[in-house]
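Please take these sequences and the hints and turn them into a complete structure.
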Amino acid sequence: MLTDSTGAQHSRQRDLASETALRGTPETENILQTVTKREKEQAKGMKGDLVFRYLTTCFAFSILAILALMLYEMTGESMPSIRAFGWKFVSSSDWDAVQGVFGALPYLYGSVVSSVLALLLATPLSIGAALFITEIAPARWGTIIAPLVELLAAIPSVIYGLWGVLVMAPWLQSTVQPFLIEHFGFIPLFQGAPYGVSMLAAIFILMIMVVPIITSITREVLLAVPLSQKEAAIALGATRWETIKMAILPYGKSGILGAAILGLGRAIGETMAVTMVIGNAPNISLSLLSPAYTMPSVIANEFAETTSKLHGSALMEIGLILMVVTLIVNGLARLLIWSVSKSANGGAA
Amino acid sequence: MMHGMAYRKAKNHLMNLVMLACTLAVLIPLGLIFFHILKMGVSSLSLDFFTQIPKPTGEAGGGMANGMLGSLIMIGGASLIGLPIGILGAIYLAEFGGSKVSTVIRFGADVLSGTPSIITGMVAYTLLVVPMKGFSGLAGSVALALIMIPIVLRTTEEQLKMVPGSLREASLALGVPFWRTSLKVTLRSAMSGVLTGILLAVARVSGETAPLLFTALGNQFWSRDISQPMAALPLQIFSFAIAPYEDWHKLAWAGALVLVTVMFVLSLTARFFGRSRHSG
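Protein sequence lines correspond, in order, to chains A and B.
Following this note's numbering, the numbering of the first sequence begins with 1 at its first residue and continues without gaps.
Following this note's numbering, the numbering of the second sequence begins with 1001 at its first residue and continues without gaps.
Do not rely on the hints blindly, as some may be mistaken.
To be verified - Stretch-level coverage of chain A by chain B, calculated; a stretch enters the list once three of its residues show a Cβ under 8 Å from a Cβ in chain B:
{"hint": "1", "stretch": "53-61"}
{"hint": "2", "stretch": "79-93"}
{"hint": "3", "stretch": "151-165"}
{"hint": "4", "stretch": "207-218"}
Said to hold, decoys possible - Just the calculated beta-carbon pair ranges, DEER-fashion:
{"hint": "5", "chain 1": "A", "residue 1": "Ala97", "chain 2": "B", "residue 2": "Leu1017", "range": "49 to 57 Å"}
{"hint": "6", "chain 1": "A", "residue 1": "Trp171", "chain 2": "B", "residue 2": "Leu1268", "range": "26 to 34 Å"}
{"hint": "7", "chain 1": "A", "residue 1": "Ala97", "chain 2": "B", "residue 2": "Trp1222", "range": "46 to 54 Å"}
No lab work stands behind these hints: they were computed from the structure.
Note that CB positions come from ideal geometry on N, CA and C, so glycine has one too.
This is the structure in structure tokens:
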């Protein structure tokens, strides 16, 4: 850009010099005209560049503006509820739209329990699957399974929910839950009646949904492990498992952690599938068999038909909490994954 | 490491089996989901599904034609809003942006794409539904656009960065203004990759349900007016799946089959574009 404009200035000075020297004859008039025409075109191009620059800058910064606007709107709309309830909003479990009393504890509890347990189940499975795809299976299997897993990560959550509520929940109700009650009923986690739609159903569906995400990111992290790292272990006579344990996993540790946290972010914000299988009852119960409720679910169910301004504001505050939590969780995950890809690049160079 | 070779080999085999079991545990539920969508979807799909609107409660038959039309309109609207912002923003990041500013914007885009989609619905509600005093297809489009922008921005930027600098320099040396170089040379040579990103973004929003719950709201009848509540295929799948009627469940399965097919076609087309760029 800079060199362009100085170049144009130089040529303009030269043109001006020749202009004064050649003024008068008809041929030079002609030449002058074409020169000024070209100059005008150049000036137009430069003006175009300026407009283009401003335009693209505006659009790029609009991302930050959107984020700021989202936070501003959510905070502003939550203010009435924040003022009315303060910290009691997150410590109380009274949620009564008729009385105008709102406490979000059951939703917080449901969100935390469902996503953390889903993640605890999903992470080892995903790491195992990613290791199998990258290290054990023949390369051709990997090229089939890996895109398949990525396609699965793109299935809309409403379809997981449809399958969850019409296939999985009835199956849980008729086989898994009676089995758990009969054989493990002495543990508080598995007490109560088999409802089908329950915390357990939500945990399972979330696990099924986040597994493809964690698997595909873990796979990328594992592929970034330098070959020399593996070769060193193999040269020392390590078996395949020992290579994985000593050379590959330690190297990809923080990247895999990042993948798991990214899965957590997805699980916390997951709305449709959970709403369809969790039973939507604001209980705080130790039993995984009883219905529960999560933050996104209560927004999905109640936001379109709020009974009062305060009700809407309370739901907004839940949304704000949800947004801040996912912001922190995703930011953390990105930093971890970035740090790995950076160090991998550094190692290669 | 003081164990004998036989023990180490046995452990190796055992862990191989564990990893195989993990892979199966990942693939089996997903396989089951596909199996059920295919089985239930094919048996419930009929021509009526594509031409009829839902019948009142209790009557058999009907389809989701209005939902498919509504989804098309809203995805079109979201593309009109989201694509220019995403693509031009990406040009800024790839061509002008200083490294610090770009990092902040990139991070912002990642954060935006990580926010739960129901939040974009809430924001579109306060920005459009409240001032316009009613649910509308337009609000749905805006909510979907908020999801598209970061995806398009990031993929387009990656593609623009892969265009060799010599191509830009050649165009500039011929006296082509920078803005025309960006649009006609840089963007055009990255076009197949950019298209891949656009298709993936469209595929992503075509299945989104949560942001539409309190923006487009849904509609039981034909709806073409974007200032009015509008039907959408994912919304219909949701409300029919949780309704207690067997007939409606069938329609929901048929809808799921159509949605998954559309998304797979989009993803495969995207992959095709992505591949043709590498070979060409």
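Do the hints match the structure? See the list:
Counting residues of the stretch 53-61 of chain A whose CB lies closer than 8 Å to any CB of chain B gives 7, which reaches the minimum of 3, so the coverage claim holds. Figure legend: the stretch 79-93 of chain A, annotated as covered by chain B; annotation inconsistent (0 residues with Cβ-Cβ distances under 8 Å, at least 3 required). Closer than 8 Å: that is the beta-carbon criterion, and the stretch 151-165 of chain A has 13 residues meeting it against chain B, so the requirement of 3 holds. For a cut-off of 8 Å, the count of residues in the stretch 207-218 of chain A with a CB near a CB of chain B stands at 4, and the three-residue condition holds.
A hinted range of 49 to 57 Å for the beta carbons of alanine 97 of chain A and leucine 1017 of chain B is consistent with their spacing of about 53 Å. Remark: the range hint 26 to 34 Å for tryptophan 171 of chain A to leucine 1268 of chain B is upheld by a beta-carbon distance near 31 Å. Taking 46 to 54 Å as the suggested C-beta distance range, the pair alanine 97 of chain A and tryptophan 1222 of chain B does not conform, at roughly 34 Å.
The structure does not agree with the numbered hints 2 and 7 stated previously, though it agrees with the rest.
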